[in-house]
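Engineer: Using the hints, position chains B and C against chain A.
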Amino acid sequence: MKRCIKCNLPETHETITFDEFGVCNICNQHLFKASAINWEQRKQELDELMALYRGRYDYDCLVPFSGGKDSTFTLNYLVKEYGVKPLVVRFDHGFLRPNLEENVKRTVRRLGVDILTFTPNWKIVQKLMLQSFLEKGDFCWHCHTGIFSYPMHLAIEKNIPLIIWGEPSAEYTAYYDYKQSEEVDEKRFNRYINLGITSEDMFIRLGGKVDPRDLKPYTYPPLKELRRIGYRSVCLGSYIPWDVKKQSEIIQRDLGWKGDRVENVPPEYNYEKIECYMQGVRDYIKFIKRGYSRPTHLVALDVRNGRISKEEGDRLVREFEGRRPPSLDLFLDFIGLTEQEFLEIAMTHQVSPYVHDPSRTQPGNALQDTERWSKEGPMDRADAEVQIIRWKSRQR
Amino acid sequence: MSALTVGIVNYRSGNIRSVVNAVESVGARARLVSEPGDTDACSHLILPGVGAFGFCAEKLTRSGLLPAIEQSVLIEGKPLLGICVGMQLMADFSEELGRHAGLGWVGGMVTGLHHDAERGIRVPHVGWDDVLFKQSLGLFAEGESVDFYFDHSFALQGAALGHEVGTCHHGRDFSAIVRRGNILAVQFHPEKSQTAGMRLIESFLAMQPNA
Amino acid sequence: MLKRRIIPKLLIKEKAYDAATRAILVVTKNYDQVSDVGDPISQAKIYEAQLADELIVLNIDSRPVATDVPLLNMIERLASETFMPLAVGGGVTQLDDFALLLERGADKVSINAAAVHDPSLISRAAERFGSQCVIVSIDFRRDAVRQLDVVMTHHAARDAGAEVVDWARRAADSGAGEILLTDADRDGTGVGLNLAVGKAVSAAVDVPVILSGGCGVAQHFVDGFLVAGAEGVAAGTFFCFRDQNPMQTRAHVRSAGIPIRLQT
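For the protein sequence lines, the chains are A, B and C, in the order given.
Mapping to our numbering: the first sequence position 81 is 81, numbers consecutive.
So the mapping is simple: our numbering equals the position in the second sequence, first residue as 1, plus 1000.
So the mapping is simple: our numbering equals the position in the third sequence, first residue as 1, plus 2000.
One chain only, chain A, in its complex shape:
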């Protein structure tokens, strides 16, 4: 596989292209971010934005929040820098880890903010996970769409027009670049968040066999309604230069935020993706499809920021990447598949030129908090089969 000569990301990384020197566009976006943006001016724009909305509504802004490093930093920054009164909104995807919950409790108590959490219908979540895994090789459709739609509904309902997100996608992919300010709107939702499927499409893909009302949390609200409240939905990372390592240190220091181990990730990256106990499975699927995964991604970031050498990075990748996560067993229960089926399905989504060889997969280590994860609500195989059979009938 062709790789970036600087950060080593492979050609199977979404939206990657290489310039005439073999350097990838993500590296070049980083260079642009570091050298060609007037961050002072951007910060001033943020000051003006905050001033525009402040004090006029029940809450100065709405902060979509997971409790991970990015949203925690964003919330901390807004409260400390601007003294705003935010409404913190959480979408519970169903797999929130214990340490994360403690982090959230600690954060919101130390900062003093109102927080709302929404947990959608688990039975619907299961159907959605299975359908999106079958058809897109990514079981997190409910999470991607819920996280980005649900806060917008709440913004309309509670009349909080200013919504502030964390990291800009330009940091990791080229769906957007740093030249423009990344509006977190319906276009972005359609561009890559929803995997090319809206809730209306999902209704049809499920054969119309679901109550359309159950899909509301995953539906982006109509532009008309958002315009009515004068909405602005932006990334904090469009106004201040994003640096996850530095920011993680800040929240550890200021809020006592604690990192966690993630399956098949080097221990020194304990600030990344600690929210979800299905993260290991997510990363494993990515490896099956694209031949690289979380360690490569993390090392690439560090290489770009000059924090690690390529050789050291390679060593970490070789040791940790592509292993079978023990949490896969729980995932299979939740989704109603056998491991053989899981592999078969994942492999239909391979991205050329990568070809996966399952025989080379090594087992990975289990996490310490596995016992504390809820195992409630395994999928009824008969229900899963309805979707599986329909999918199978379409294969070659």
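Be a bit skeptical, because a hint or two may be false.
Heads up, simulated DSS-like pairs for lysine-lysine below, C-alpha to C-alpha not over 27 Å straight-line [to be verified]: (1) C:Lys2029 to C:Lys2045; (2) A:Lys105 to A:Lys85; (3) A:Lys245 to A:Lys224; (4) A:Lys245 to A:Lys80; (5) A:Lys258 to A:Lys246; (6) A:Lys258 to A:Lys85; (7) C:Lys2045 to A:Lys187; (8) A:Lys392 to C:Lys2013; (9) A:Lys105 to A:Lys273; (10) A:Lys85 to A:Lys43; (11) A:Lys216 to C:Lys2029; (12) C:Lys2029 to A:Lys392; (13) A:Lys209 to C:Lys2015; (14) A:Lys123 to A:Lys392; (15) C:Lys2013 to A:Lys209; (16) A:Lys105 to A:Lys245; (17) A:Lys209 to C:Lys2199; (18) A:Lys158 to A:Lys179; (19) A:Lys216 to C:Lys2013; (20) A:Lys80 to A:Lys258; (21) A:Lys179 to B:Lys1059; (22) C:Lys2199 to A:Lys216; (23) A:Lys179 to C:Lys2015; (24) A:Lys80 to A:Lys246; (25) A:Lys273 to A:Lys375; (26) C:Lys2029 to C:Lys2013; (27) A:Lys216 to A:Lys80; (28) C:Lys2029 to A:Lys209; (29) A:Lys273 to A:Lys258; (30) C:Lys2045 to A:Lys224; (31) A:Lys258 to A:Lys105; (32) A:Lys2 to A:Lys392; (33) A:Lys246 to A:Lys43; (34) C:Lys2015 to A:Lys392.
If you are wondering where the hints come from, they were derived from the structure by calculation, not from laboratory data.
Structural biologist: Relative to the frame of chain A, chains B and C by itself:
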């Protein structure tokens, strides 16, 4: 932007809907010009055009709107944007399926593009192609190269030197954008060219009338 | 330099959902097995956000356009909610159908069986609307017995009695602006485009060729452009059932050194 009312000439030859949509999405008001009197309330006019030159020219004449357009554009100096065949109609003449006289507002002649198998040139010229800005125009700087969506077999050449704002190349060089005072004409479809197209429309709407 | 095009192909069928009949986006396999994948307007907006170069919308119900009010309304809505070049086909049999669709917002109209039945329709349409509005869509299959690639019509059910390269040449000579070439055997299978036939047709005509049928991985698009000489590659199933979208595919194509639009 909100004070602007853009009249889109409705002579039953062109994708009116997309043009209306594009104009409204940049914040201006769009109205159809179907009767001569409709031009009065408009600050800007757009002449779309899809189809063979002769067919469009005849439709325009038969619509009875030409005098009102001439009055608005040539006398009152309201900015006019010609799109695709709308641009070609403003040339001196066209050679598409016979020789047809144009309105002569931007000069030049419309001749066929030719295929060249060796260089991989096919006709019609369909798809996204880069336009080189020889002069600045609104939001576009001189020297900028931007992709727009083209779909045509005939193109303008020979417009007066100072009038050529943007060029494109497909087998030969041709004028992609010409401007003569308050008249702007583009060969590509800005209403189909997404972000670049919107910038072009915004640049057009920023043009002032010159009476 | 003219850029190559990545063109999502939207197949439309009318079906009953929620006790109401509506236009549904579907994908097919070998022009036969139909799977429902979404709402046409929703999908068109998604493709637009994903910077697809243009859209092809084909009505695969055998219903004449002139009387298909739901379809015409859908096209009108589509054209007014998106800013992308739009080609529409399916059930087009006469010149007035062209006018109807263009009026509703289509930029180009595609004809298939009607052109085979009466090639003068191609020249008449080109004369009135310009060739750039006229796409001749050609579906073909391999006839193993006769060792020929034969033109099929009516959703690849009827042998039209013509060889594909020959018909493509005649269609281009009659005034077609573009040829949309689809291998019915590869449709929805993901095994890759028919590069041999694509190449033969591209060499035989001077108009742009859009190749379709069988895209399974991004590399197939690259092959379609480089090996078959297609100016456009159209895909239906590819974007629906894989973790791939036009922006990812586009990056892959660009990385292979092929000129393609990248602006965001």
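Engineer: Hints first: check each against the structure and report whether it holds.
Structural biologist: So, going through the hints one by one against the coordinates:
With a C-alpha separation of about 24 Å, the suggested pair C:Lys2029 and C:Lys2045 falls inside the 27 Å cut-off, and the hint holds. A threshold of 27 Å between alpha carbons decides the hint, and for A:Lys105 with A:Lys85 the separation of about 17 Å falls inside it, so the pair holds. With a CA separation close to 39 Å, the supplied pair A:Lys245 and A:Lys224 exceeds the 27 Å bound. Restraint check for A:Lys245 and A:Lys80: satisfied, since their Cα atoms lie roughly 19 Å apart, inside the 27 Å limit.
In summary, the hint linking A:Lys258 to A:Lys246 is supported, as the alpha carbons are separated by about 14 Å, within the 27 Å threshold. Straight-line distance between C-alpha atoms of A:Lys258 and A:Lys85 comes to about 24 Å, which keeps the hinted pair within the 27 Å bound. Using a Cα cut-off of 27 Å, the hinted pair C:Lys2045 and A:Lys187 holds, with the two alpha carbons roughly 8 Å apart. Proximity of A:Lys392 to C:Lys2013 is assessed by CA-CA distance (about 22 Å); at most 27 Å being required, the pair is judged to hold.
Restraint check for A:Lys105 and A:Lys273: satisfied, since their Cα atoms lie roughly 18 Å apart, inside the 27 Å limit. About 19 Å separates the Cα atoms of A:Lys85 and A:Lys43, which keeps this hinted pair within 27 Å; it holds. With a CA separation close to 32 Å, the supplied pair A:Lys216 and C:Lys2029 exceeds the 27 Å bound. Only pairs whose Cα atoms come within 27 Å are accepted, and C:Lys2029 paired with A:Lys392 is accepted, the gap being roughly 13 Å.
Among the hinted pairs, A:Lys209 with C:Lys2015 is consistent with the structure: their alpha-carbon atoms are about 14 Å apart, no more than 27 Å. Of the pairs offered as hints, the one joining A:Lys123 and A:Lys392 holds, with about 22 Å between alpha carbons and a cut-off of 27 Å not exceeded. Between C:Lys2013 and A:Lys209, the direct Cα distance comes to roughly 19 Å. Compliance with the 27 Å bound is thereby established for this hinted pair. For the given pair, A:Lys105 sits about 22 Å from A:Lys245 by alpha-carbon distance, which is consistent with the 27 Å threshold.
Annotation: proposed proximity of A:Lys209 to C:Lys2199 is violated, straight-line Cα distance about 44 Å (limit 27 Å). Between A:Lys158 and A:Lys179 the CA atoms are separated by roughly 33 Å; this puts the pair beyond 27 Å, and the hint is violated. Taking the CA atoms of A:Lys216 and C:Lys2013, the gap is about 25 Å. The hint holds against a cut of 27 Å. The straight-line distance between the Cα atoms of A:Lys80 and A:Lys258 is roughly 19 Å, inside the 27 Å bound, and the hint therefore holds.
The suggested pairing of A:Lys179 with B:Lys1059 is violated, with an alpha-carbon distance near 45 Å, which exceeds 27 Å. Taken as a hint, the C:Lys2199 and A:Lys216 pair is broken in the structure, with Cα atoms around 47 Å apart against an allowance of 27 Å. Restraint check for A:Lys179 and C:Lys2015: the C-alpha separation of about 44 Å exceeds 27 Å, so the hint is violated. Between A:Lys80 and A:Lys246 the CA atoms are separated by roughly 16 Å; this keeps the pair inside 27 Å, and the hint holds.
Between the alpha carbons of A:Lys273 and A:Lys375 the distance comes to roughly 20 Å, so the proposed pair stays at or under 27 Å and holds. Distance restraint check for C:Lys2029 and C:Lys2013: the Cα-Cα separation of roughly 14 Å lies within the 27 Å cut-off, and the hinted pair is therefore satisfied. For the hint pairing A:Lys216 with A:Lys80, the CA-to-CA distance comes to about 34 Å; that exceeds 27 Å, so the pair is violated. Of the pairs offered as hints, the one joining C:Lys2029 and A:Lys209 holds, with about 23 Å between alpha carbons and a cut-off of 27 Å not exceeded.
Between A:Lys273 and A:Lys258 the alpha-carbon distance is near 12 Å, which keeps this suggested pair within the 27 Å criterion. Among the hinted pairs, C:Lys2045 with A:Lys224 is consistent with the structure: their alpha-carbon atoms are about 16 Å apart, no more than 27 Å. Between A:Lys258 and A:Lys105, the direct Cα distance comes to roughly 12 Å. Compliance with the 27 Å bound is thereby established for this hinted pair. Between the alpha carbons of A:Lys2 and A:Lys392 the distance comes to roughly 33 Å, so the proposed pair goes past 27 Å and is violated.
Of the supplied pair hints, the one linking A:Lys246 and A:Lys43 holds, its CA atoms being roughly 18 Å apart against a limit of 27 Å. In summary, the hint linking C:Lys2015 to A:Lys392 is supported, as the alpha carbons are separated by about 22 Å, within the 27 Å threshold.
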